[in-house]
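Use these hints to put chain B onto chain A, whose structure you have.
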Amino acid sequence: MSDSDLTTHLLGTAGEDAGCEETLSRLAEYVEGELSGREMAEPFPAVAQHLRNCPACAEDYRGLVELLRRRDI
Amino acid sequence: MLVREGTPDAPARRREPDVESRTWIEELRATGVERSGALDRLHDLLLRAARAEAHRRRHLYPEIAGVELDDLCRQAADDAVVAVTAKLDGYRGESRFTTWAYAFAIFEISVKLRRHAWRRGGIPTADDDTTWDRLAERAGTVEAGAGIESAELLGALRRAITEELTARQRQVFVAVALNDIEIDVVADQLSSTRGAIYKVLHDARMKLRRRLEREGHLTQKGAR
Numbered sequence: 034m035s036d037s038d039l040t041t042h043l044l045g046t047a048g049e050d051a052g053c054e055e056t057l058s059r060l061a062e063y064v065e066g067e068l069s070g071r072e073m074a075e076p077f078p079a080v081a082q083h084l085r086n087c088p089a090c091a092e093d094y095r096g097l098v099e100l101l102r103r104r105d106i
Numbered sequence: 031m032l033v034r035e036g037t038p039d040a041p042a043r044r045r046e047p048d049v050e051s052r053t054w055i056e057e058l059r060a061t062g063v064e065r066s067g068a069l070d071r072l073h074d075l076l077l078r079a080a081r082a083e084a085h086r087r088r089h090l091y092p093e094i095a096g097v098e099l100d101d102l103c104r105q106a107a108d109d110a111v112v113a114v115t116a117k118l119d120g121y122r123g124e125s126r127f128t129t130w131a132y133a134f135a136i137f138e139i140s141v142k143l144r145r146h147a148w149r150r151g152g153i154p155t156a157d158d159d160t161t162w163d164r165l166a167e168r169a170g171t172v173e174a175g176a177g178i179e180s181a182e183l184l185g186a187l188r189r190a191i192t193e194e195l196t197a198r199q200r201q202v203f204v205a206v207a208l209n210d211i212e213i214d215v216v217a218d219q220l221s222s223t224r225g226a227i228y229k230v231l232h233d234a235r236m237k238l239r240r241r242l243e244r245e246g247h248l249t250q251k252g253a254r
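Those sequence lines, one after another, are chains A and B.
For the first sequence, our numbering gives the first residue as 34, with consecutive numbering after it.
For the second sequence, our numbering gives the first residue as 31, with consecutive numbering after it.
Because the hints were derived from the structure by calculation, they are not lab data.
Check before you lean on any hint, since a few could be wrong.
Derived list of chain A stretches under chain B, where covered just means 3 residues or more per stretch with a C-beta under 8 Å from a C-beta of chain B [what the hints assert, rightly or not]:
#	segment
1	51-63
2	70-80
3	84-90
4	93-103
No residue lacks a Cβ here, since even glycine has one placed at the ideal position from N, Cα and C.
Bound conformation, chain A alone (with noise of 0.2 Å):
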């Protein structure tokens, strides 16, 4: 582990955070974007920067992404 990935893992990374709850309110919105091909870190900077720091809402995100992609639910 580098000294910057160490600094990621115990400091997160420096920028505004939106927080779990309002990244939770905006998930689905932010995952069909990005189903769609859009990049919705631009218009959600701060939810981006939330699941890059926030391993929970991260693991939410990516069981949304999967869920979407599956037609048999």
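Same frame as chain A, now just chain B:
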């Protein structure tokens, strides 16, 4: 709860939902048989979503299976239905209604799986030498030459934790950042929520960053 002060993200826009989404909203706002039917369908939908998500995470929790797992999925669907109906006015049509509702089911099953799996009881509250030795080992073993800088950084961080953080911030930072305890588990142990614990962690990280920047320990690369 926002953990930031500014609002750089585009404000939520209220759009006209698609026909299916509008039908969901109308039926969930109705009364009597129409509403109870919609609630049943919503529960079925969110139960399937919770089961799918539990299946996706099965490698993380191999010890939870069968009736025990299905019970957690049902609890997650129950709680997700409650959350969706309570927050119905917050649905603004930016996505399909079902996508919006799925997010609650995924959140609920993820929290329940983590909390259920954590049965060792208690979270580490002190940053003892073992914790720092483990971090130093992780820091120094991958990148040649990183050892000395990492040791200095970790030493400075350890002092900053003691001198800059409140007791609550120290407790959360030690558990989540230093010992990799999942936020949902810490939230459960401290009778709190993911969002509230993340806010404490975020504030602690910002304090520590500022201190380490003042002392010259964070380079441009490390300060990203």
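Here is how each hint holds up against the structure:
no., hint, result
1, 51-63, "holds (count 11)"
2, 70-80, "holds (count 5)"
3, 84-90, "holds (count 5)"
4, 93-103, "holds (count 7)"
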